[in-house]
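Residue numbers (numbering that gives the first Met the number 0), protein chains in the order written: chain E, 0 to 289; chain Z, 0 to 294.
None of these hints come from the bench; they were simulated from the model.
Computed from a predicted model, the values in this text were never measured in an experiment.
Ideal Cβ placement from N, Cα and C applies to all residues, glycine included.
Possibly wrong hints are sitting among the right ones.
In silico lysine-lysine, DSS-like type, Cα no more than 27 angstroms apart, as pairs [claimed, not checked]:
#1 LYS280/E x LYS179/E
#2 LYS100/Z x LYS276/E
#3 LYS100/Z x LYS18/E
#4 LYS100/Z x LYS280/E
#5 LYS205/Z x LYS289/Z
#6 LYS4/Z x LYS179/E
#7 LYS179/E x LYS7/Z
#8 LYS32/Z x LYS57/Z
#9 LYS233/E x LYS144/E
#10 LYS7/Z x LYS116/E
#11 LYS205/Z x LYS17/E
#12 LYS18/E x LYS205/Z
#13 LYS100/Z x LYS17/E
#14 LYS32/Z x LYS144/E
#15 LYS32/Z x LYS116/E
#16 LYS116/E x LYS4/Z
#17 LYS179/E x LYS116/E
Simulated restraints on C-beta separations [what the hints assert, rightly or not]:
#18 ARG194/Z x PRO65/E: 49 to 55 angstroms
#19 PRO65/E x GLY145/Z: 27 to 33 angstroms
#20 LYS17/E x THR65/Z: 54 to 60 angstroms
#21 HIS64/E x GLY130/Z: 24 to 30 angstroms
A partial selection of chain E residues facing chain Z, derived with a Cβ cut-off under 10 angstroms [said to hold, decoys possible]:
#22 THR56
#23 ILE129
#24 ASN143
#25 ASN221
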Amino acid sequence: MKDIFVSPGSEVNYEIAKKTTASFFIHALLILVSLTCLFPLWWAFASSLKTQQTVFTDLSFFPKHPHWENYAAAWTQADFGLYFLNSLIYTTAVVAGVLFIASLGAYAFSRLRFPGKNILFLVIISTMMIPIPGSFIALYVLLNKLHLINTRLGYILPQINGQLALGIFLLKTFFDDLPKELEDSARMDGCGRFRIYWNIALPLARPAIAVLAIFTILAVWNEYLLAMLVLGDKSLMPLQRGLMVFQGAHVTQYPLLMAGIVITVLPVLAVYLALQKYIIKGITTAAVQG
Amino acid sequence: MSYFKARKIIGDTIFILPAFLLFFTFSLYPFFKVFELSATDWDGISRSVQWVGLANFKDLLTENPTFWLSMRNAFYITFLALTAQNLAALFLAWLCDRDIKGGNVYRVIFYLPPVLSGIVVGLIWNWIYDGNYGLLNHFLSFIGLGDLSRAWLSNRKTALTAVAVIHMWKGFGWGFVILLAGLQSIPRELYEAARVDGANGWVVFKNITAPLMIPVFILVSILTILGTMQIFDIIIATTGGGPGYHTEVPITRIVSTMIASSQFGYACAMGVLFGLILLALSMIQIQVSKRVRQV
Chain E
0 MKDIFVSPGS EVNYEIAKKT TASFFIHALL ILVSLTCLFP LWWAFASSLK TQQTVFTDLS
60 FFPKHPHWEN YAAAWTQADF GLYFLNSLIY TTAVVAGVLF IASLGAYAFS RLRFPGKNIL
120 FLVIISTMMI PIPGSFIALY VLLNKLHLIN TRLGYILPQI NGQLALGIFL LKTFFDDLPK
180 ELEDSARMDG CGRFRIYWNI ALPLARPAIA VLAIFTILAV WNEYLLAMLV LGDKSLMPLQ
240 RGLMVFQGAH VTQYPLLMAG IVITVLPVLA VYLALQKYII KGITTAAVQG
Chain Z
0 MSYFKARKII GDTIFILPAF LLFFTFSLYP FFKVFELSAT DWDGISRSVQ WVGLANFKDL
60 LTENPTFWLS MRNAFYITFL ALTAQNLAAL FLAWLCDRDI KGGNVYRVIF YLPPVLSGIV
120 VGLIWNWIYD GNYGLLNHFL SFIGLGDLSR AWLSNRKTAL TAVAVIHMWK GFGWGFVILL
180 AGLQSIPREL YEAARVDGAN GWVVFKNITA PLMIPVFILV SILTILGTMQ IFDIIIATTG
240 GGPGYHTEVP ITRIVSTMIA SSQFGYACAM GVLFGLILLA LSMIQIQVSK RVRQV
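Please construct the entire structure, taking both the sequences and the accompanying hints into account.
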């Protein structure tokens with residue numbers, strides 16, 4: 000390496016200088032864009048620790064006297080604790096339902112035989128491609144008929160269905176690539192098909208299941224439209240709906256609203272940071288395959 | 000068919016049964032029901048349902064300027080997302096498609112806004128755009144451009160663009176991740192060969208990168224169009240469609256036709272027409288890209 004620096008102004012030295020300058024500007028730009036991504040979130044957090052009096056005048060990035068008690072107030076008085084619990088219930092229920100039902104279905108499409116298999120697969124997958132922006136109206140009508148409006152079940156079932164196409168597609172592709180020998184030898188040993196699915200195929204599919212679980216968690220935690228249509232009772236509302244209700248009723252209580260936003264975002268942030276490699280992998284494989 | 004074979008098929012079918020029941024009830028049935036309701040004047044409650052044929056569609060096409068205004072607004076936001084947002088995403092992806100330190104950190108940060116909900120993003124940006132206390136106005140007066148301050152989201156001239164900016168802020172990281180994955184799948188040898196031949200950056204991009212990236216470009220464009228045309232959460236959390244109808248989009252129109260004016264049949268017709276337009280847009284997009292690839 001040393002000989003590079005022997006003669007200042009040489010060709011090689013010039014190349015290095017050029018590269019260093021380029022890399023400096025590249026990083027400067029990327030850091031600037033990163034800051035625009037992070038700043039609004041940080042600002043919401045900083046504001047959640049100010050008071051109603053100081054929130055518009057105190058422009059510090061972190062308040063000198065942080066009012067952590069805003070979070071207690073948001074959790075109890077502003078009902079964000081209740082909404083949080085609801086969001087947790089909905090997300091858990093939908094994720095469990097999607098993982099079980101989609102993996103059963105994907106396994107059937109990949110390994111088993113039943114009448115109408117190919118047509119059904121095509122129809123289910125095509126719902127991922129064909130946009131039907133009005134179908135929530137008919138869904139509302141249907142839920143009304145089934146007496147599922149304003150019930151937890153009425154919010155959970157359509158969302159399980161909403162993730163099925165993606166789930167079946169992801170998991171079927173994964174099962175198709177798995178070697179069949181393990182399952183064949185289990186069958187020789189007299190294992191039934193459910194035990195083979197449950198004990199052998201499902202554990203092997205863990206990476207694909209992780210991807211599906213994360214996308215389902217994000218979709219359910221962030222869902223708004225269906226919650227607006229289906230859930231009228233405050234006691235049933237998830238966080239996104241609760242935020243809008245709070246904003247509608249107390250438009251000026253900024254610190255509490257911002258505390259509610261932080262309460263809503265934190266779990267997403269934790270899941271995202273912990274599992275981001277699966278998320279990135281999930282989007283990119285979909286992109287490169289599609 | 001033997002008894003055992005029949006038993007096997009029934010056993011296999013049970014695996015698909017839960018998925019099939021859910022799919023049939025919550026996807027297929029609503030899909031066909033929308034078409035059926037779109038030909039009625041149903042108000043959502045009463046038992047009397049009048050069959051009106053294509054009257055809803057006729058009214059929609061000829062006597063509903065608000066719907067077409069909402070469509071135009073969505074097109075405007077989509078145009079900005081297709082150009083500004085995706086070009087920014089491509090440029091950033093191109094910058095990151097090399098040996099740079101912390102490449103993964105940038106990717107994690109850029110993909111942060113896309114994992115947030117439209118409601119959260121909208122509520123935070125409400126404050127940035129606020130006329131009295133907004134950060135944007137603070138910033139403008141700080142750099143001496145205080146004259147430009149205004150209530151960005153309730154000003155007729157700026158509201159739609161302001162909403163589009165929120166949408167692009169939330170979305171560019173998604174395009175970035177896909178485009179970067181596409182760029183990284185291009186074999187490095189191709190670049191080296193071109194460099195040996197003395198090709199400069201732009202020539203390399205035009206003759207090697209762009210042609211190989213066409214499938215990824217198509218995917219990103221179609222998903223941008225479908226996603227942006229159906230924008231809803233951000234609008235609800237910021238302007239609610241106002242001022243006037245200046246930020247109304249098709250989904251907000253469908254929702255208020257359904258809930259506020261109880262015109263379920265008419266709202267279904269809007270949904271059907273809007274769905275057909277989206278389908279046509281993606282078809283056109285695919286055809287155009289095929290042409291480009293052949294040239």
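- Query: Which numbered conditions among the earlier hints are violated in the structure presented, ordered from lowest to highest?
  - Reply: As far as the earlier hints go, not one is violated by this structure.
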